[in-house]
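**Q** Let the sequences and hints guide you as you build the complete structure.
For the sequence shown, the positions run 3 to 334 when this note's numbering is used.
No lab work stands behind these hints, which were simulated from the structure alone.
Glycine included, each C-beta is placed from N, C-alpha and C at the ideal position.
Treat the hints loosely; a few may be bogus.
As the list claims (entries may be wrong) - Pairs of lysine to aspartate or glutamate residues, derived as EDC-like cross-links and limited to a Cα-Cα distance of at most 20 Å, are as follows: (1) 188 with 198; (2) 188 with 144; (3) 188 with 292; (4) 188 with 47.
To be verified - Computed Cβ-Cβ distance ranges for the label pairs, DEER-style: (5) 188 with 98: 31 to 37 Å; (6) 191 with 13: 40 to 46 Å; (7) 161 with 311: 47 to 53 Å; (8) 313 with 13: 38 to 44 Å; (9) 115 with 248: 49 to 55 Å; (10) 313 with 169: 39 to 45 Å; (11) 70 with 168: 46 to 52 Å; (12) 188 with 279: 47 to 53 Å; (13) 52 with 327: 17 to 23 Å; (14) 260 with 157: 24 to 30 Å; (15) 144 with 115: 31 to 37 Å.
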Amino acid sequence: MAGTDATDAADPVADLIESQLADAGATWTVGVGGALAEFERRPAEPAARGPRCVVTARGGVRLDRVAGVEVVAYETPSGPGQRWHHAISFCLPAADALRGNRGVVTRLGADDDAIRPRDRAAILYDLGLGIPTVDACVRTADPALQDMLEDACGEPLDSETVTTLIRRSPHRVFMSACGRVEVFAKIAQPGTDTPDGPHTHVRPELLRPEQTHPGAAPIGAGLLTCMTLHPVHPVTNANGHAVDFDETRHNAFQRLLDVFGDPVAGAHKAMTIAAVRAGVGPDLTMLPRDPASRAAVAVTLRQLFHTDGPSPTLDVWRARHPPDAGLLHPDG
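**A** Right, here's the structure in full:
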C-alpha cells in the first residue's frame, strides 16, 4: 500500500509536517478542482508557528487530524515538454473524510476553531458548493455582510452574492477532515492576476467535487484526499512558472517518494532510469499498464532530461511512450 500511516511509532509523518510547515517554499491546499484554498508564503515573510500550524498576516494552515491518515507522495506529468507535478496527499477513508456537503448557503455560526483567537467570534457561512470532502466557507464580523449572507442562506450561491463577496473580500476558510486553510488576503478583483501568497479559486463552472486527487495518483480505492502538500519544486515556482532545474530540490522529493510513495511505481521508475542510462530501448523493457506506474515512467523520462541531459535512447523512450491525456495532471 502506498504511503505511511500517521500512527507509525517512528512518526515520519510528524517529521514531514513540521519540516514542510517550516519551509516557506511549500504550498498547502484544501479543496478540489474549481474550489481550492492555497496557503503559501514568501521566504522572508513573518510567520507564527503553533502545533501543526503556521500563520502569516495573509493566511494560515493547520492540520487538525493525523491519526489514521494515510500519506501518499506521487508525481504526474504536467502539460507538454519537460514538466511534471508532485504532491503529497493526506487521505482518509470516505466515511471519515466526508463533511457537510451542503448545496445551499448555510450559516455555521461562530468559528470557534479559527487559527487566530481574534477571528473566533466572526461568523462562518458555508457557500453551499456541494463538495463532499470540503466545507468551503467565508467568515466575517461585518454586520452588513452578515445581513447579506443571512438573506442568501437556504439558496444556492448566486452571481449577485459572488459579486458582493469579491468586492468585500471576507476571510475564506476551507475545512476538511484533516485541517483547514484560511485566507485573509484580499480577493483578486476581475481583470487582475491572482496574487502570490494565500488565495482561493472558486469557479463553480469548473467544479469537480468528486475529484480529490489526479486519477493517476497511486491512492487506494476508498481513500479520499483531504489536504495536499506541494513541496518546493525543482523546475517550477509557486506560481507555476518555469525555473532552472534545482537538483537539491529534486533529490529532496525523491527521498519523500522513498518513504511515502507507491513501491510499485517506484520500482518502475528505477527500472526506467537504469534502462535509459544503459542505452536499453523500451522494446526490451517490460512496461506497466496501471496509471500510477505509467505516470511514474512518463515523469521519469522528463526528469532524466534534466538530470542526465538529452540522449538518443531517451529520445526513443519519449517518442514511444508519450503520456496520454488520462495521465496528465488535470490542472495542466
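**Q** Go ahead and decide if the range 47 to 53 Å is satisfied by the Cβ distance of residue 161 to residue 311.
**A** Because 51 Å falls inside the window, the suggested range holds.
**Q** Going straight from one Cα to the other, do residue 188 and residue 198 come out at no more than 20 Å?
**A** holds (11 Å)
**Q** Measuring from beta carbon to beta carbon, are residue 260 and residue 157 in 24 to 30 Å?
**A** Given range 24 to 30 Å: violated, Cβ gap about 50 Å.
**Q** Do residue 115 and residue 248 keep their Cβ atoms within the hinted range of 49 to 55 Å?
**A** violated (37 Å)
**Q** Quick check: does the Cβ-Cβ distance between residue 191 and residue 13 fall within 40 to 46 Å?
**A** Roughly 44 Å apart at Cβ, these two residues keep to the hinted range, so it holds.
**Q** Against the range 38 to 44 Å, how does the distance between the Cβ atoms of residue 313 and residue 13 compare: consistent or not?
**A** holds (41 Å)
**Q** Is residue 188 within 20 Å of residue 144, Cα to Cα?
**A** holds (15 Å)
**Q** At the C-beta level, are residue 188 and residue 279 separated by a distance inside 47 to 53 Å?
**A** holds (50 Å)
**Q** Determine whether the Cβ-Cβ distance between residue 313 and residue 169 falls within the hinted range of 39 to 45 Å.
**A** violated (55 Å)
**Q** How does the Cβ-Cβ distance of residue 188 and residue 98 compare with 31 to 37 Å: does it lie in that range?
**A** Because 34 Å falls inside the window, the suggested range holds.
**Q** So does residue 52 sit 17 to 23 Å from residue 327, Cβ to Cβ?
**A** About 42 Å separates the Cβ atoms of residue 52 and residue 327, which means 17 to 23 Å is violated.
**Q** For residue 188 and residue 47, compute the direct alpha-carbon distance and say whether it is at most 20 Å.
**A** holds (17 Å)
Hints 3, 9, 10, 11, 13, 14 and 15, counting from the list given before, are not met by this structure.
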